[in-house]
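Chain residues, written in single-letter form:
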Amino acid sequence: MSARLSELAEHAGIDFQGDGDCVIDAVNTLSDAVAGEISFLANPKYLSQLQNTNASAVILDPQIAAEFASANVLISENPYLSFAHIAKWFEDHDRGELPIGIHPSAVIGSECNIPDNCFIGANVSIGSYVTLGSGCRIEAGTVIADHVLLGENVHLYSNVTIYSHVTLGDNGIVHSGTVIGSDGFGFANDKGVWIKVPQRGGVRIGRDVEIGACTTIDCGAINDTIIEDGVKIDNLIQVAHNVFIGKNTAIAGQTGIAGSTTIGSHCTIAGGVGIVGHIEIGDYCHIAGMALVSKSLPDKSVASGAVPAMDHGIWSKSMVRLRQLDDMAKKIRKLEKQIESLSNGS
Amino acid sequence: MSARLSELAEHAGIDFQGDGDCVIDAVNTLSDAVAGEISFLANPKYLSQLQNTNASAVILDPQIAAEFASANVLISENPYLSFAHIAKWFEDHDRGELPIGIHPSAVIGSECNIPDNCFIGANVSIGSYVTLGSGCRIEAGTVIADHVLLGENVHLYSNVTIYSHVTLGDNGIVHSGTVIGSDGFGFANDKGVWIKVPQRGGVRIGRDVEIGACTTIDCGAINDTIIEDGVKIDNLIQVAHNVFIGKNTAIAGQTGIAGSTTIGSHCTIAGGVGIVGHIEIGDYCHIAGMALVSKSLPDKSVASGAVPAMDHGIWSKSMVRLRQLDDMAKKIRKLEKQIESLSNGS
Amino acid sequence: MSARLSELAEHAGIDFQGDGDCVIDAVNTLSDAVAGEISFLANPKYLSQLQNTNASAVILDPQIAAEFASANVLISENPYLSFAHIAKWFEDHDRGELPIGIHPSAVIGSECNIPDNCFIGANVSIGSYVTLGSGCRIEAGTVIADHVLLGENVHLYSNVTIYSHVTLGDNGIVHSGTVIGSDGFGFANDKGVWIKVPQRGGVRIGRDVEIGACTTIDCGAINDTIIEDGVKIDNLIQVAHNVFIGKNTAIAGQTGIAGSTTIGSHCTIAGGVGIVGHIEIGDYCHIAGMALVSKSLPDKSVASGAVPAMDHGIWSKSMVRLRQLDDMAKKIRKLEKQIESLSNGS
Numbered sequence: 000m001s002a003r004l005s006e007l008a009e010h011a012g013i014d015f016q017g018d019g020d021c022v023i024d025a026v027n028t029l030s031d032a033v034a035g036e037i038s039f040l041a042n043p044k045y046l047s048q049l050q051n052t053n054a055s056a057v058i059l060d061p062q063i064a065a066e067f068a069s070a071n072v073l074i075s076e077n078p079y080l081s082f083a084h085i086a087k088w089f090e091d092h093d094r095g096e097l098p099i100g101i102h103p104s105a106v107i108g109s110e111c112n113i114p115d116n117c118f119i120g121a122n123v124s125i126g127s128y129v130t131l132g133s134g135c136r137i138e139a140g141t142v143i144a145d146h147v148l149l150g151e152n153v154h155l156y157s158n159v160t161i162y163s164h165v166t167l168g169d170n171g172i173v174h175s176g177t178v179i180g181s182d183g184f185g186f187a188n189d190k191g192v193w194i195k196v197p198q199r200g201g202v203r204i205g206r207d208v209e210i211g212a213c214t215t216i217d218c219g220a221i222n223d224t225i226i227e228d229g230v231k232i233d234n235l236i237q238v239a240h241n242v243f244i245g246k247n248t249a250i251a252g253q254t255g256i257a258g259s260t261t262i263g264s265h266c267t268i269a270g271g272v273g274i275v276g277h278i279e280i281g282d283y284c285h286i287a288g289m290a291l292v293s294k295s296l297p298d299k300s301v302a303s304g305a306v307p308a309m310d311h312g313i314w315s316k317s318m319v320r321l322r323q324l325d326d327m328a329k330k331i332r333k334l335e336k337q338i339e340s341l342s343n344g345s
Numbered sequence: 000m001s002a003r004l005s006e007l008a009e010h011a012g013i014d015f016q017g018d019g020d021c022v023i024d025a026v027n028t029l030s031d032a033v034a035g036e037i038s039f040l041a042n043p044k045y046l047s048q049l050q051n052t053n054a055s056a057v058i059l060d061p062q063i064a065a066e067f068a069s070a071n072v073l074i075s076e077n078p079y080l081s082f083a084h085i086a087k088w089f090e091d092h093d094r095g096e097l098p099i100g101i102h103p104s105a106v107i108g109s110e111c112n113i114p115d116n117c118f119i120g121a122n123v124s125i126g127s128y129v130t131l132g133s134g135c136r137i138e139a140g141t142v143i144a145d146h147v148l149l150g151e152n153v154h155l156y157s158n159v160t161i162y163s164h165v166t167l168g169d170n171g172i173v174h175s176g177t178v179i180g181s182d183g184f185g186f187a188n189d190k191g192v193w194i195k196v197p198q199r200g201g202v203r204i205g206r207d208v209e210i211g212a213c214t215t216i217d218c219g220a221i222n223d224t225i226i227e228d229g230v231k232i233d234n235l236i237q238v239a240h241n242v243f244i245g246k247n248t249a250i251a252g253q254t255g256i257a258g259s260t261t262i263g264s265h266c267t268i269a270g271g272v273g274i275v276g277h278i279e280i281g282d283y284c285h286i287a288g289m290a291l292v293s294k295s296l297p298d299k300s301v302a303s304g305a306v307p308a309m310d311h312g313i314w315s316k317s318m319v320r321l322r323q324l325d326d327m328a329k330k331i332r333k334l335e336k337q338i339e340s341l342s343n344g345s
Numbered sequence: 000m001s002a003r004l005s006e007l008a009e010h011a012g013i014d015f016q017g018d019g020d021c022v023i024d025a026v027n028t029l030s031d032a033v034a035g036e037i038s039f040l041a042n043p044k045y046l047s048q049l050q051n052t053n054a055s056a057v058i059l060d061p062q063i064a065a066e067f068a069s070a071n072v073l074i075s076e077n078p079y080l081s082f083a084h085i086a087k088w089f090e091d092h093d094r095g096e097l098p099i100g101i102h103p104s105a106v107i108g109s110e111c112n113i114p115d116n117c118f119i120g121a122n123v124s125i126g127s128y129v130t131l132g133s134g135c136r137i138e139a140g141t142v143i144a145d146h147v148l149l150g151e152n153v154h155l156y157s158n159v160t161i162y163s164h165v166t167l168g169d170n171g172i173v174h175s176g177t178v179i180g181s182d183g184f185g186f187a188n189d190k191g192v193w194i195k196v197p198q199r200g201g202v203r204i205g206r207d208v209e210i211g212a213c214t215t216i217d218c219g220a221i222n223d224t225i226i227e228d229g230v231k232i233d234n235l236i237q238v239a240h241n242v243f244i245g246k247n248t249a250i251a252g253q254t255g256i257a258g259s260t261t262i263g264s265h266c267t268i269a270g271g272v273g274i275v276g277h278i279e280i281g282d283y284c285h286i287a288g289m290a291l292v293s294k295s296l297p298d299k300s301v302a303s304g305a306v307p308a309m310d311h312g313i314w315s316k317s318m319v320r321l322r323q324l325d326d327m328a329k330k331i332r333k334l335e336k337q338i339e340s341l342s343n344g345s
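Quick note, the sequences are listed as chains A, B and C, same order.
In terms of numbering that gives the first Met the number 0, the first sequence has 117 at position 118, counting the first letter as 1, and numbering is strictly consecutive.
In terms of numbering that gives the first Met the number 0, the second sequence has 86 at position 87, counting the first letter as 1, and numbering is strictly consecutive.
In terms of numbering that gives the first Met the number 0, the third sequence has 225 at position 226, counting the first letter as 1, and numbering is strictly consecutive.
Hints listed in this document are in silico derivations from the structure and should not be mistaken for laboratory results.
Be a bit skeptical, because a hint or two may be false.
To be verified - Below, in silico cross-link-like pairs of lysine-lysine (DSSO-like), each with a Cα-Cα straight-line distance of 30 Å or less:
#1 K294(B) <-> K246(B)
#2 K294(A) <-> K195(A)
#3 K333(C) <-> K330(B)
#4 K316(A) <-> K336(A)
#5 K330(B) <-> K316(C)
#6 K299(B) <-> K44(B)
#7 K299(B) <-> K329(B)
#8 K330(A) <-> K87(B)
#9 K336(C) <-> K294(C)
#10 K316(C) <-> K329(B)
#11 K316(C) <-> K330(A)
#12 K294(B) <-> K336(C)
#13 K44(B) <-> K333(A)
#14 K190(C) <-> K316(A)
#15 K190(C) <-> K299(A)
#16 K195(C) <-> K44(A)
#17 K316(B) <-> K299(B)
#18 K336(C) <-> K333(B)
#19 K190(A) <-> K299(B)
#20 K294(A) <-> K316(C)
#21 K87(B) <-> K195(A)
#22 K330(A) <-> K330(B)
#23 K299(A) <-> K316(C)
#24 K330(B) <-> K316(B)
#25 K316(C) <-> K330(C)
#26 K195(B) <-> K195(C)
#27 K44(A) <-> K246(C)
#28 K190(A) <-> K44(B)
#29 K44(A) <-> K316(C)
#30 K44(B) <-> K294(A)
#31 K336(B) <-> K336(A)
#32 K316(C) <-> K333(C)
#33 K330(C) <-> K316(A)
#34 K316(A) <-> K299(A)
#35 K316(C) <-> K299(C)
#36 K329(B) <-> K246(C)
#37 K316(A) <-> K316(B)
#38 K87(B) <-> K44(B)
#39 K246(B) <-> K44(C)
Chain A on its own, in the form it takes in the complex:
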């Protein structure tokens, strides 16, 4: 599928400069683009690639666009966002019509409500009392247990597992291998032996939520685990029982959130972060990669914790000293007193 530059500008709701009739048939990176393709510059570090690109058009912010007055440009205050819109346009038009219908190998329980425009793939298993909204796509090998409610246009990729009593709002996307609603890790200790505490809550997930691959979201112990609208969760993330994640928060790969912790809205949490249980992270917090968050954080906190990797020799010496830090601090205090005494005495 192709479009003229002026059409793409209209689609993205932005202005253009140069030849509005220039025909574009794909998106690409600045360095790889060929004639007929559109690219974008969001990171100034790639400015040199802009100078050498073969792209027929580029998406630029107004300031840089002015410097490239002779080029075909979509002018955007947020080039990466406009690129998202343009790439989505090509994706939608290139994909062709999506299949609908239920594959004969799929197994579906009783009392289900599956609109005709849904797609249910090969070897899918759906339990009883399951309701799907219009336009859902459930791909091969995915399993949905009883009493599950999916909104409109939900897309579950292959080999996803949804336990019972899970709800997932409109436009939800769940990638393969992910498990939603598994039992929380709850055990009472009886003289050294762990006794399972039944995990009877569900999981409630809002609309416009995307969840990556091989991520696990446990059901609540009594109440539900809750993920609000617009949250984005990457791969291999652990969300424990009764966690609450506020709207539009984004969490990168391999982060883990322990039980009953509340995370505010509009947070950005980098990869490999660990957040202990029963604490509260405010809104608009940023947590850096591999940090261990052990206490509640107020709104707008910027927190870091991990030790950046260094040369192994320096690291070895530093780690020996790290255990001696309290002694070192005490020695400094003693030296200060001695100096004071010497200075007074001299």
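Got chain A; can you put chains B and C on it based on the hints?
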């Protein structure tokens, strides 16, 4: 299903105070409970919720029960444990009869032994020479390879994968996405090229073991990987080849244990911990979240390692200094000598 | 299956000493081996086990072999490598003929090319325009989307998921639960709301690559994610969009690599490592367990970062001081000046 308070007390093997005929039909949290529900207080931090709860009865320790003399109370030395027993009672009675039988879409190999009271779900695949104990439940999409032995009442949730030569004891629970028996990460280096070392051992798991979602337990290289009775393993955990985990040890999410390491019994290992290979952790050890355990630990060790997250500005300065720690220690030593010399001289 | 020691020596391309007619029927560890079995010593720490082994033969380096002149020995400069060859010989001969053919429950799309000597297991789902090389084995429950290309002798274990536009070279092995080609974590922020950036690249994986269980490899955003020949990837690893991993690099469990990062060839990356996005790691680098790599590293770097676990009490004090490190450094500087001044004055 409902029960009188006196019946629940008898079931849990504990005393009650107040109206033994009070009818209870569900468990709930202190804050959400309504009339007809029972709750519990295990964490003193929620004492204010107890004062305001609408629950018809609560599970309390004897001291707090005495303070609430007018309330309907189950009196327990371990309220969380008693709650587990009560919640289990409701779960068992509310659930109704579990399905049994083999779904027609399941594929089962030769020389298998599957008792009639087992449940085998849709699109399950079972290899040859597989023996299941009485009352096993194998849910949709799960795959069991050849030569697997499951004890009685084993529950494999959907989309679990069990490789060949795995045994799992009575009452085992395995959550979705989990893989047991995959090849250990064993390669010999041949002038820069990695040559696979065949992983020919199995996995032996005791009774009453629960394993969370998307966890991986590798088979042994030659001997078996071993997990003893009563071990509880959370989500997204890596157990490498030839690891040994002693009975009743509990391990929280995203922890990784490298090859040939032995972990004692009754340990509690928090989330995100890394334990290097070929070491021995004693019994009754506690390892705090995200610690890297690089050496063997004696019994009853309490070990920590991760740097708790702090304000990004403080962290930046501290990390610069961390690389200078050895220099700082040497400067302190030099200052001490200078002071000594000055003191002697003065 | 059994073989004489001389035959095994010939197979492994090494010399032997002792009784070349000694019959060997299995491999085992030094401590567990019985008559008829062969073992190996690669780690001097297990030398005492060599002295007490019941193995009929052992694989030793020339120096140790000379010390055990009366034993039946395969003499190897790299005993672990030779063990890999011998164990492979027994594995190949013990296994018997592998099944071939397509299970009737498998679902296969249009325009696929599947050679007759491939094995397609129960409930496998294969999309359209999929090409398999000779001798591929696709086990039960695995899902392959459209436009996937597998080389010869590729082995996908059960419940693997391969998204569209993935290529995997000859002899590739992928363990269960792993997901290849899922969407990268790419979102543009539109006044607080995350807008999905379509992930339109694929994944290109070379030959002789092994990928562990429950690992996730995202497709590229525009270009492909690339993994070169001979790379070995363990369990629960995250490889983000547009990562490049050079040939023969090995990566241990639970490591995460953020987007657009390039990793050189012949690197060894330990478990639980985090590598930030958009950096370059050179060739022959070694990164120690749980390190956070936040900057590019030149060739042959040896980098560490994690704090090794210590007694909780020492750790508590050290962590308090860690936040005071910059103050401590400034105090030392001040003391140095005061001493200098005192020394000059005295």
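For each hint, the structure was consulted:
1. Proximity of K294(B) to K246(B) is assessed by CA-CA distance (about 21 Å); at most 30 Å being required, the pair is judged to hold.
2. This hinted pair checks out: K294(A) and K195(A) have alpha carbons roughly 27 Å apart, not beyond 30 Å.
3. Proximity of K333(C) to K330(B) is assessed by CA-CA distance (about 12 Å); at most 30 Å being required, the pair is judged to hold.
4. Between the alpha carbons of K316(A) and K336(A) the distance comes to roughly 28 Å, so the proposed pair stays at or under 30 Å and holds.
5. Restraint check for K330(B) and K316(C): the C-alpha separation of about 21 Å stays at or below 30 Å, so the hint holds.
6. A distance of roughly 28 Å separates the Cα atoms of K299(B) and K44(B); the hinted pair therefore holds under the 30 Å criterion.
7. Taking the CA atoms of K299(B) and K329(B), the gap is near 35 Å; set against the 30 Å cutoff, the hint is violated.
8. Of the pairs offered as hints, the one joining K330(A) and K87(B) is violated, with about 57 Å between alpha carbons and a cut-off of 30 Å exceeded.
9. Among the hinted pairs, K336(C) with K294(C) is inconsistent with the structure: their alpha-carbon atoms are about 35 Å apart, more than 30 Å.
10. Of the supplied pair hints, the one linking K316(C) and K329(B) holds, its CA atoms being roughly 20 Å apart against a limit of 30 Å.
11. With a C-alpha separation of about 14 Å, the suggested pairing of K316(C) with K330(A) holds against the 30 Å cut-off.
12. Distance restraint check for K294(B) and K336(C): the Cα-Cα separation of roughly 41 Å exceeds the 30 Å cut-off, and the hinted pair is therefore not satisfied.
13. Between K44(B) and K333(A) the CA atoms are separated by roughly 41 Å; this puts the pair beyond 30 Å, and the hint is violated.
14. Only pairs whose Cα atoms come within 30 Å are accepted, and K190(C) paired with K316(A) is rejected, the gap being roughly 46 Å.
15. About 16 Å separates the Cα atoms of K190(C) and K299(A), which keeps this hinted pair within 30 Å; it holds.
16. About 23 Å separates the Cα atoms of K195(C) and K44(A), which keeps this hinted pair within 30 Å; it holds.
17. With a C-alpha separation of about 35 Å, the suggested pair K316(B) and K299(B) falls outside the 30 Å cut-off, and the hint is violated.
18. With a CA separation close to 13 Å, the supplied pair K336(C) and K333(B) stays within the 30 Å bound.
19. Simply put, K190(A) and K299(B) have alpha-carbon atoms about 16 Å apart, close enough for the 30 Å limit, and the pair holds.
20. Distance check on the hinted pair: K294(A) and K316(C) sit about 17 Å apart at the alpha-carbon level, within 30 Å; holds.
21. With a C-alpha separation of about 8 Å, the suggested pair K87(B) and K195(A) falls inside the 30 Å cut-off, and the hint holds.
22. About 11 Å separates the Cα atoms of K330(A) and K330(B), which keeps this hinted pair within 30 Å; it holds.
23. With a C-alpha separation of about 28 Å, the suggested pairing of K299(A) with K316(C) holds against the 30 Å cut-off.
24. A distance of roughly 19 Å separates the Cα atoms of K330(B) and K316(B); the hinted pair therefore holds under the 30 Å criterion.
25. About 19 Å separates the Cα atoms of K316(C) and K330(C), which keeps this hinted pair within 30 Å; it holds.
26. Under the criterion of a C-alpha separation no larger than 30 Å, the hint pairing K195(B) with K195(C) is inconsistent with the structure, at around 40 Å.
27. Taking the CA atoms of K44(A) and K246(C), the gap is near 28 Å; set against the 30 Å cutoff, the hint holds.
28. For a cut-off of 30 Å, the pair hint linking K190(A) to K44(B) stands: about 24 Å separates their Cα positions.
29. Of the pairs offered as hints, the one joining K44(A) and K316(C) is violated, with about 42 Å between alpha carbons and a cut-off of 30 Å exceeded.
30. At most 30 Å may separate the alpha-carbon atoms for a hinted pair to count; K44(B) and K294(A) meet this at roughly 16 Å.
31. The suggested pairing of K336(B) with K336(A) holds, with an alpha-carbon distance near 15 Å, which does not exceed 30 Å.
32. Restraint check for K316(C) and K333(C): the C-alpha separation of about 24 Å stays at or below 30 Å, so the hint holds.
33. Note on K330(C) and K316(A): the hinted pairing holds, with a Cα-Cα distance of about 21 Å set against a maximum of 30 Å.
34. Taking the CA atoms of K316(A) and K299(A), the gap is about 35 Å. The hint is violated against a cut of 30 Å.
35. The hinted pair formed by K316(C) and K299(C) fails the criterion: a straight-line CA distance of about 35 Å is larger than 30 Å.
36. With a C-alpha separation of about 43 Å, the suggested pairing of K329(B) with K246(C) is violated against the 30 Å cut-off.
37. Taking the CA atoms of K316(A) and K316(B), the gap is near 18 Å; set against the 30 Å cutoff, the hint holds.
38. Distance check on the hinted pair: K87(B) and K44(B) sit about 25 Å apart at the alpha-carbon level, within 30 Å; holds.
39. With a C-alpha separation of about 28 Å, the suggested pair K246(B) and K44(C) falls inside the 30 Å cut-off, and the hint holds.
Going down the numbered hints, you'll see the structure goes against 7, 8, 9, 12, 13, 14, 17, 26, 29, 34, 35, 36, while the others check out.
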